[in-house]
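Protein chains: 2
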Amino acid sequence: MRFRLEASDKFSKARAGEITTDHGTIQTPIFMPVGTAGTVKAVHQRELEDDIKADIILGNTYHLYLRPGLNTLEKAGGLHKFNGWTRPILTDSGGYQVYSLSEVRKIKEEGVTFRSHIDGSKHLFTAENVMDIQRVIGADIIMAFDECTPYPCDYNYARKSLDMTHRWLKRCCDRFDTTEPKYGYSQTLFPIVQGSVYKDLRQKSAEVIASFNREGNAIGGLSVGEPAEEMYAMTEIVCDILPYEKPRYLMGVGTPVNILENIALGVDMFDCVMPTRNARNGMLFTKNGILNMRNEKWKDDFSPIEEDSDLFSDRNYSKAYLRHLIISKEILGAQIATLHNLHFYIWLVKEAREKIISGEFYDWKSKMIKQLSQRL
Amino acid sequence: MRFRLEASDKFSKARAGEITTDHGTIQTPIFMPVGTAGTVKAVHQRELEDDIKADIILGNTYHLYLRPGLNTLEKAGGLHKFNGWTRPILTDSGGYQVYSLSEVRKIKEEGVTFRSHIDGSKHLFTAENVMDIQRVIGADIIMAFDECTPYPCDYNYARKSLDMTHRWLKRCCDRFDTTEPKYGYSQTLFPIVQGSVYKDLRQKSAEVIASFNREGNAIGGLSVGEPAEEMYAMTEIVCDILPYEKPRYLMGVGTPVNILENIALGVDMFDCVMPTRNARNGMLFTKNGILNMRNEKWKDDFSPIEEDSDLFSDRNYSKAYLRHLIISKEILGAQIATLHNLHFYIWLVKEAREKIISGEFYDWKSKMIKQLSQRL
Chain A
2 MRFRLEASDK FSKARAGEIT TDHGTIQTPI FMPVGTAGTV KAVHQRELED
52 DIKADIILGN TYHLYLRPGL NTLEKAGGLH KFNGWTRPIL TDSGGYQVYS
102 LSEVRKIKEE GVTFRSHIDG SKHLFTAENV MDIQRVIGAD IIMAFDECTP
152 YPCDYNYARK SLDMTHRWLK RCCDRFDTTE PKYGYSQTLF PIVQGSVYKD
202 LRQKSAEVIA SFNREGNAIG GLSVGEPAEE MYAMTEIVCD ILPYEKPRYL
252 MGVGTPVNIL ENIALGVDMF DCVMPTRNAR NGMLFTKNGI LNMRNEKWKD
302 DFSPIEEDSD LFSDRNYSKA YLRHLIISKE ILGAQIATLH NLHFYIWLVK
352 EAREKIISGE FYDWKSKMIK QLSQRL
Chain B
2 MRFRLEASDK FSKARAGEIT TDHGTIQTPI FMPVGTAGTV KAVHQRELED
52 DIKADIILGN TYHLYLRPGL NTLEKAGGLH KFNGWTRPIL TDSGGYQVYS
102 LSEVRKIKEE GVTFRSHIDG SKHLFTAENV MDIQRVIGAD IIMAFDECTP
152 YPCDYNYARK SLDMTHRWLK RCCDRFDTTE PKYGYSQTLF PIVQGSVYKD
202 LRQKSAEVIA SFNREGNAIG GLSVGEPAEE MYAMTEIVCD ILPYEKPRYL
252 MGVGTPVNIL ENIALGVDMF DCVMPTRNAR NGMLFTKNGI LNMRNEKWKD
302 DFSPIEEDSD LFSDRNYSKA YLRHLIISKE ILGAQIATLH NLHFYIWLVK
352 EAREKIISGE FYDWKSKMIK QLSQRL
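If you're matching them up, the sequences are chains A and B in order. When we follow the numbering used here, the leftmost residue of the first sequence carries the number 2, and every step to the right adds one. When we follow the numbering used here, the leftmost residue of the second sequence carries the number 2, and every step to the right adds one.
Heads up, some of the hints might be wrong.
[Stated by the list, open to error] Using 30 angstroms as the maximum straight-line C-alpha spacing, the simulated DSS-like pairs for lysine-lysine come out as follows:
#1 K82/B x K54/A
#2 K288/B x K14/B
#3 K300/A x K183/B
#4 K82/A x K54/A
#5 K371/B x K300/A
#6 K330/A x K298/A
#7 K82/A x K54/B
#8 K205/A x K247/A
#9 K82/B x K161/B
#10 K171/B x K161/B
#11 K76/A x K14/A
#12 K82/A x K123/B
#13 K42/A x K183/B
#14 K247/A x K171/A
#15 K82/A x K288/B
#16 K330/B x K54/A
#17 K76/A x K300/B
#18 K298/B x K42/A
#19 K247/A x K107/A
#20 K371/B x K330/A
#21 K371/B x K200/B
#22 K82/A x K76/B
#23 K298/B x K14/B
#24 K123/A x K161/B
#25 K42/B x K42/A
#26 K200/B x K14/B
#27 K54/B x K330/A
#28 K298/A x K82/B
#29 K161/B x K300/A
#30 K54/B x K298/A
#31 K42/B x K161/B
Bear in mind the hints are in silico, worked out from the structure with no lab data behind them.
My request is simple: use the sequences and hints to build the entire structure.
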């Protein structure tokens, strides 16, 4: 993996860059649609590529490990071959889902024992096997195994957890560095800064993470319920420590406003289920604000979902039709709304990139932030 | 509406023709994907047009009347404007859904009182208002209001019901012929032959229906649970009476084999929820037989869903991936399987049409029927 910085903003810490992987390049800042079980829900791969124009998608190690399982993924030749997505893929370490979805049995130094949310079967994730699993999945960017602390989190718990996450990281790196990719293309490992909302812990963690000198770094444990101001404060502290010349990935963030604010703090990569999950519930993000498609006010609004969009479904379907589909729980409603939100998120980060390059980012961001959180 | 017969088979009663409507032509025999609530479930309109290559889709009067409702549909300028489908649409009369979905209050000479399956609200469908409703929906081909008798059905009930259906038809025609289309393009009304599985009732009904001298005719009340041989016997009797130079539409039929057998008996138009509904449950129809995608045998089959298909999703996704999506209840699984089944149904009737024109229909049908019902 290579990262090249192309431009940085004078009035903030925002940067524009380009990551190169064996599956193609990723222009940053970037938003990565979440493809939990090997599919970005309700979207065809050709739509992701041609209509949404996603550079990279995310897969969830926890889900893929449980289903279709490593045996199938390895026989397929990795996730790219399995799902037909030819551009880069990033996988998380499975940690977050173990804590949020499964019945956690025990977090120990060795690793985490948990029961599958699908069939109750018992499993163990360790720093080592999570590297092996991600080798088999075949993601271009793989994530270290960490503990994502909840919010709020007791200081002492956060401190102890952090130390364990750092010890796990050492084990992750040892395993990763002594194993080979399985399918003939490179993989790279990103470590994850933790530390809850405690400045000293975040600072310490960022220093430890930076010292591992990997090709990119991530910030985890945010967007778990803390106020946005706390999130920004943590991102700022961490970005000031993480190396300037390497990509920074803020995990699980967030609203369009969160994304712009964090770009301004020096973050390059984002992922979040919000555009896809909220789409299925009828919430659309647009550059002028948020639309709740279940609202009566769209009932007889036959104007296109977004008139000047370059997305076919924004132009071809009306707000009234989309409202009808969402209210009627029709699958096509989820398809149209998901296309819209992902297209919008990708548009937003690409627009931010252009504004960083042209030197207009700061003013543009201030204007956009007022618009983006309006309720239409 | 115009209908032009192009060819007929020497060894069966199969015919190839072309229906012309103000929204374009329909080559027959044709299969019409069912778009219940104004959407063919899990399929974009552009996919219906470019990938599935559907000539015409069906809308359900009962569903559309309840939601989005006539007020919205009229303000939109009809269903074509509302859902963005620019080719022909056929609507059923709502009768079948009233009997199968709603809590039927009472079938009387005047019409049918029923409660909505959505909110329990009370409604009345009559021969007259069902014409008015279909005028507002704006379908190119609209259907007469009838009683679709269940199977089995007592002879006396079937006979009395039939007479009422005929009296309703007179009222439908009177209303239809004294009202105008609302959106500047023509609409035509097809009457429906009933009579359960009783030869004399079917014969009588076909004669009555033919005497109304409409531009096309339909056969209803079949594919409601009767053995296939009874269905074919009824179709044969009815097709021999219905005018040769007008299109014949067999409602709600059926499996690929049912469709080929009924084409051989002189049917020109079909609709059925089977390809779409069964797709969502993981059943694929192919020219070599039926695949249950939930089956363990596809788990590690990384070959394309259908290698030599001209449908993008058949070539780009593997059986193993589709199985994973269906097992995981992912929306994309429903999308891929629905595209496949509709593409196959349309391929099947287009292929039948070519074989009728080239004179090879009969032999081709015999060969296909053996293949189509195999379990793969």
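Of the hints given before, which are not true for this structure? 5, 9, 11, 12, 13, 19, 20, 22, 23, 24, 29, 30, 31
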